[in-house]
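Q: Chain residues, written in single-letter form:
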Amino acid sequence: MRAVTLLKTLSAIALAVGLAGCARNPESVQAASTVKSEPTRKAAPDFTLKDADGKMVKLSDYKGKVVLLNFWATWCGPCKIEIPWFKEFETNYKNKGFAVLGVAMDDEGWDAVRPYIQQQAVNYRVLMGTEPVGALYGGVESLPTSFLIDRQGRIAATHIGLVSKSVYVNDLKDLFDAPAAGK
Amino acid sequence: MTSKIFSTLLLLANSGFLLAQGLNSLAVTPPAEVALKRGVPGTAKIKLKLPPGLHCNTNTPSDEYLIPLKLTFAPANGLESTEITYPKGKDETYSFSKKPLNVYSGEFEVQASLKAGTTASAGPQVFHGKLRYQACNDSMCFAPKTIDVKIPVVVAN
Chain A
1 MRAVTLLKTL SAIALAVGLA GCARNPESVQ AASTVKSEPT RKAAPDFTLK DADGKMVKLS
61 DYKGKVVLLN FWATWCGPCK IEIPWFKEFE TNYKNKGFAV LGVAMDDEGW DAVRPYIQQQ
121 AVNYRVLMGT EPVGALYGGV ESLPTSFLID RQGRIAATHI GLVSKSVYVN DLKDLFDAPA
181 AGK
Chain B
1 MTSKIFSTLL LLANSGFLLA QGLNSLAVTP PAEVALKRGV PGTAKIKLKL PPGLHCNTNT
61 PSDEYLIPLK LTFAPANGLE STEITYPKGK DETYSFSKKP LNVYSGEFEV QASLKAGTTA
121 SAGPQVFHGK LRYQACNDSM CFAPKTIDVK IPVVVAN
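Residue numbers (this note's numbering), protein chains in the order written: chain A, 1 to 183; chain B, 1 to 157.
No wet-lab data here; the hints were simulated from the structure.
Bear in mind the structure is a predicted one, so any value in this text is a computation, not a measurement.
Some hints here could point you the wrong way.
[Unchecked claim] Below, in silico cross-link-like pairs of lysine-lysine (DSSO-like), each with a Cα-Cα straight-line distance of 30 Å or less:
1) Lys-173(A) to Lys-47(B)
2) Lys-87(A) to Lys-99(B)
3) Lys-87(A) to Lys-98(B)
4) Lys-94(A) to Lys-145(B)
[To be verified] Ranges between beta-carbon positions, derived for each pair:
5) Glu-131(A) to Asp-148(B): 19 to 29 Å
6) Lys-145(B) to Gln-119(A): 48 to 58 Å
7) Asp-53(A) to Ala-32(B): 47 to 57 Å
8) Met-56(A) to Thr-43(B): 48 to 58 Å
9) Ala-32(B) to Gly-54(A): 51 to 61 Å
10) Asp-53(A) to Thr-93(B): 29 to 39 Å
11) Pro-87(B) to Lys-58(A): 39 to 49 Å
Think of the CB as a built atom: it goes at the ideal place given N, C-alpha and C, for glycine as much as any other residue.
With the sequences and hints as input, model every part of the structure.
A: Structure follows, in structure tokens:
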């Protein structure tokens, strides 16, 4: 319940920031990194979800990588702005130990999601979301909601609603520059 | 600077309003009672209102992936809905969409033509409908919702 309240508060702040104009031209707005300091980061809840090929995927399998965990849906317009950015990140940062994981929250499941990701040539892994997994991440009441997870499997940044591309770029740069786990 | 602070406070206050209302709440004004004679259609007017800053798709959204606003009634107790009339939406442009989207915002009204069949019992009853919609603001979208719409009906003898 506390997580839901926290998410609602974050949603309201994101809403206010969004209305204030941050999302006016999300591709061009410049922003500073929003990555939290290491001691304040909490472990990203682990989960297992199916990907488009029916393979079970565990978040903890990605430990050691920087992960952009993006909750989205085919009916969500702002989510669709981010997808080309995430495709670009997946290509450009793959050799830095990075992966995008899209978690689709469509009630209609793969019938709705598969054609869309094929049409958009999504090059990163997309998983089918469930309510329990959404609940692990505060309820995910609004989309897009994204979490940047560091190499130690901790949530380093949370973005609720559409933010500018440069926010992600700067956050990822911070995370790539951080020393690797155990070093 | 003062105006910036005021704007920020106003936005935060507005967010508080939205939270109090539910971030994704489409308010339904209880419709007026509809008097029906058997075999003669009557009209229920359903007034709907979205909080400021939110919009939802019309019944005929601009994109195949968008979820339309849709009012449905299952026939019950001799009552049925014969036609739903949706208002025209507005074509609005948002930061997340290259083309304008046909949406509802603020207050709007959906009308339902109702008919009482021969099996409808005389007197007052409530006809239940379901309204499905999906709302967004300029930077985020909320999960689709289905809400109850209750129409008070009186069937004449």
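Q: Which of the stated hints cannot be reconciled with the structure, identified by number in ascending sequence?
A: As far as the earlier hints go, 1, 4 and 6 are violated by this structure, in ascending order.
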